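Since the structure of chain S is provided, determine the placement of chain W on it from the hints.
Number of protein chains: 2
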Amino acid sequence: MSTIDTNLSSFIDMASDSDFSIHNLPYGIFSDTADGKRRAGVAIGEHVLDLALLETEGLLTLKGGRYFDQPTLNAFIDSGRDNWTLARSTIQTLLSADSDTLRDDQHLQKKALFKQADVTMHLPVHIPGYTDFYSSKEHATNVGTIFRDPNNALLPNWTELPVGYNGRASTVFVTGSTDIIRPSGQLKPNPDDRPIFAPCKRLDFELETAFIVGKPNKIGEPIPIGKAWDHIFGMVLFNDWSARDIQKWEYVPLGPFNAKTFASEISPWIVTMDALEPFKTELPTQDPEPLPYLREKKTDSSFDIYLSVSILPEGADTATLLSETNFKYMYWSMGQQLTHHTISGCEVEVGDLMGSGTISGPTPGSYGSMLEIAWNATKPVELKGGGTRTFIDDGDTVIMKGYSEKDGIRVGFGEVRGKVLPALDFDFDA
Amino acid sequence: MSTIDTNLSSFIDMASDSDFSIHNLPYGIFSDTADGKRRAGVAIGEHVLDLALLETEGLLTLKGGRYFDQPTLNAFIDSGRDNWTLARSTIQTLLSADSDTLRDDQHLQKKALFKQADVTMHLPVHIPGYTDFYSSKEHATNVGTIFRDPNNALLPNWTELPVGYNGRASTVFVTGSTDIIRPSGQLKPNPDDRPIFAPCKRLDFELETAFIVGKPNKIGEPIPIGKAWDHIFGMVLFNDWSARDIQKWEYVPLGPFNAKTFASEISPWIVTMDALEPFKTELPTQDPEPLPYLREKKTDSSFDIYLSVSILPEGADTATLLSETNFKYMYWSMGQQLTHHTISGCEVEVGDLMGSGTISGPTPGSYGSMLEIAWNATKPVELKGGGTRTFIDDGDTVIMKGYSEKDGIRVGFGEVRGKVLPALDFDFDA
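Line by line, the protein sequences are chains S and W.
Mapping of the first sequence onto the numbering used here: position 389 corresponds to residue 389, and the numbering continues sequentially without gaps.
Mapping of the second sequence onto the numbering used here: position 53 corresponds to residue 53, and the numbering continues sequentially without gaps.
Bound conformation, chain S alone (with noise of 0.2 Å):
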């Protein structure tokens, strides 16, 4: 496990509990008013650093040409590890207190650093695919408890596979670009009648991280265990927002389809696998052990990452807490996921994103999904400014944070922010 230069700090102001450091230098796409075009950034403080400008002044050189002044992050991730490396040192350099190059330099600062607050953040990649994993034990085991068989909660196949399925990519956007609206669809409030066309009553979040897939395979290759860790690029945070009640109609046999196909809300700053290492921690203990082409050598294949979802209605002054959980619950690894992905010879894109899946801890207060939270809406959630939830409500507002934090240091996500509005009045004779 590397360690952390505790010593290492940057000469841009910052509170001690940004999620920016220098410690992390996440990767985003942003324009500002001035001509809106899009190009690639790097958090830092409450900045944003522009890595286009970076490199037109010769100042962010690497291997085998130009990646910044570009509407996605794909050419620069494509271009290899090497390239990663180059640019996390490189940028790293130029925004330490030690470094003069930027520091003393006020007519580059003004022309490199913008605020977040004045920028406009995009999707940081095109995803070519997204896939959705299934990985909290504690989550499949709440779900299989309220919906199947308290008795036998997780399914045969769930400790010998990390269970996933194909998501819909065109739906994922950046948080803060779109509002959710509330879906309809089929439901079936009365087990005896035809279902019925209806808003979605049973609008709930999903608090999950995603991976960003860094290196591809060919197909019918697949990415043996050893080498998985090799593919992956980074991590962001992610609300898979889901309709309860019209998955619970539609998804025997073929699995979720309009359920979750309306909105997937990513943060949009992916945070380097390399600015995660120093917060690896070990995996629960896998039992029974797996087959052997999901076994890892490493057990310190998770990650340290506190996770947190808050409500916040519409008019109210302070968000309600819902619940705190962190990534190392997750049973699988992102190594194991990737590499059982592509088992059977799928290929993975560069851009490729791969939900976790519901993070759920072992407690009640820990819990990823107002399914579980509030279990089944047999328990409302109390909100601070007065009401209860079940599930989420026009205009409430659903915000998830997460970091990771050692050693005074923090490595943090930023946010996931999505504000719900009513169903569209549906014209069906349009």
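Where hints are given, some of them may not hold.
Put simply, identical chains are the same to the list, so a pair is met inside one copy or across any two.
Here are the simulated DSS-like pairs of lysine-lysine, each with C-alpha atoms no more than 30 Å apart in a straight line [unchecked claim]:
hint : residue 1 : residue 2
1    : 248       : 188
2    : 379       : 137
3    : 218       : 37
4    : 297       : 406
5    : 419       : 297
6    : 280       : 137
7    : 298       : 280
8    : 419       : 218
9    : 215       : 384
10   : 137       : 248
11   : 297       : 280
Because the hints were derived from the structure by calculation, they are not lab data.
Source: prediction; values computed, not measured.
Positioned in the frame of chain S, the structure of chain W alone reads:
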């Protein structure tokens, strides 16, 4: 229903049963050996007409610019229906026996026409998203009978909505561009033991068609049923290769994953809905009547398309016909599939591929998968050259064909032809 102008013929020599008559004019992307550059073409008889060359020569001028000197058809399709109509009428005129422009210009013909046997076909569109439906009632009933309960073979949601799931777009390929490597994965040959990792033993095809989305919607805005058909550009043949033993173990509760993500094979030529218009036919009666959002005002929303699948073992002289069926058996229409896909607000994009699901007819001779044809390995199929099959062996080539025919006019899809190679010898320790 449009009538067929049976007087229309091409000056290009072709067999009377050619799939690629002047009434068809399907679009594809090809390269010839000279420079390997990908561009758009139209199939005519045994030839390909180079559309990029026609643009250069000023013989094909569409609104808004040039579209065919590109490696995919997405820009052309995205340019809209007016251009689809204009391109079709211009190309049809150029190829007709009554028009002298191309007919009498040997020099132009030499530049513009290639033999299909001499060119390489590529994926005709970039496919942002791939969805597979499950819309054959006979297939769903057969699968439910084999795997679940003969007395409740069809699940309750099946007659209420076109069941579908997200597929994996990265492994959709054009027939001929790669062989199919037998996938490996988790199998559970003994219900009382743990699963094993091994090559799939129940490799299957799925005889399908798929449609290509021609017009996007916006996230949050469903496509109403009255406008669904405006969003469909054309159709291809589709073999959705499937590993039945992997599928059986993995698919509950989130649907098929590794069992389907290794190979999905399409035919190279997109047959347009304009070309298929004369072959419209009635949908089967839908009982119960669908909910209003799925209710079409017309009933002729299916198509009479003959489909067949054959198998050619390694070294065999002749293929064995396994099944003959027809697209007209499908219960849900493509318009209904598309509306349902977007009903919760899901965005579809130009180039999205929407599979029909396995197309089975009412009799054993018309089933669309080996699972059904050999009835879960209980009724082995006799091969012409000797031997039997219950699933697909290494070295087997599976051939699918499809066409519509009426008044002596044929509009065909060509074929999908995939050969199965042995499983990789996978190195766990790499």
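Here is how each hint holds up against the structure:
1. 248 with 188: both (9 Å within a copy, 27 Å between copies)
2. 379 with 137: within (22 Å within a copy, 41 Å between copies)
3. 218 with 37: between (33 Å within a copy, 22 Å between copies)
4. 297 with 406: Within one copy only: 25 Å inside a chain, 64 Å across chains, cut-off 30 Å.
5. 419 with 297: Neither: 43 Å inside a copy, 37 Å across copies.
6. 280 with 137: within (20 Å within a copy, 50 Å between copies)
7. 298 with 280: within (11 Å within a copy, 60 Å between copies)
8. 419 with 218: Between copies, since 18 Å is at most 30 Å while 39 Å is not.
9. 215 with 384: This pair counts as neither: shortest intra-copy Cα distance 45 Å, inter-copy 46 Å.
10. 137 with 248: both (20 Å within a copy, 21 Å between copies)
11. 297 with 280: within (15 Å within a copy, 59 Å between copies)
Hints 5 and 9 from the list above are not met by this structure, while the remaining hints are.
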